[in-house]
Amino acid sequence: MAQPQTAAPAVPAHERGATRVADRVVAKIASRAAREALSGFDESAALVTPGRTAPRARASVRPAFGRGPSLGDARLHIGVELGYPSDIGAQCGAVRRVVTERVGGLAGMKVHDVVVTVERLHSPHTRGEGRGRVR
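Using numbering that gives the first Met the number 0, the first residue of the sequence shown is number 0, and each one after it goes up by one.
Treat each hint with caution, since some may be false.
[To be verified] List time: in silico EDC-like cross-link candidates among lysine to aspartate or glutamate, alpha-carbon distance up to 20 Å:
no.: 1; residue 1: K27; residue 2: E100
no.: 2; residue 1: K27; residue 2: D72
no.: 3; residue 1: K109; residue 2: E80
no.: 4; residue 1: K109; residue 2: D22
no.: 5; residue 1: K27; residue 2: D86
no.: 6; residue 1: K27; residue 2: E80
no.: 7; residue 1: K27; residue 2: D112
No lab work stands behind these hints: they were computed from the structure.
Make a model of the complete structure from these sequences and hints.
Shown next, in the form of structure tokens:
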């Protein structure tokens with residue numbers, strides 16, 4: 000007859016090891032989340048030159064060693080190009096909100112700081128259409 004197997008004793012969490020999420024992975028998540036947040040603003044997206052709509056993100060991640068369920072703390076810098084005229088404050092707020100939720104959910108990190116920088120504004124006058132004088 001076979002002996003019933005007993006479960007091995009559980010290893011404490013601090014002895015199991017740690018998961019580390021790289022800065023570039025967090026930056027990629029933030030960039031995609033920013034793009035998704037801006038996709039809801041059609042009036043601004045129509046003014047941005049095609050091919051220049053991808054937000055750029057930089058992340059600084061500090062691992063959380065034994066500080067609860069979080070995998071670390073993240074600080075993010077996101078550069079966006081927006082159409083003008085449009086509601087710039089609403090777009091930056093949406094980027095900040097969606098990036099915070101998405102990085103927290105997908106990377107398991109606490110997001111302490113999201114800096115959104117408007118790197119360039121695109122208007123119909125800067126697209127090269129009608130290079131004549133603007134009155």
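Against the structure, the hints:
no.	hint	verdict
1	K27 / E100	holds (14 Å)
2	K27 / D72	holds (16 Å)
3	K109 / E80	violated (26 Å)
4	K109 / D22	holds (14 Å)
5	K27 / D86	violated (25 Å)
6	K27 / E80	holds (17 Å)
7	K27 / D112	holds (16 Å)
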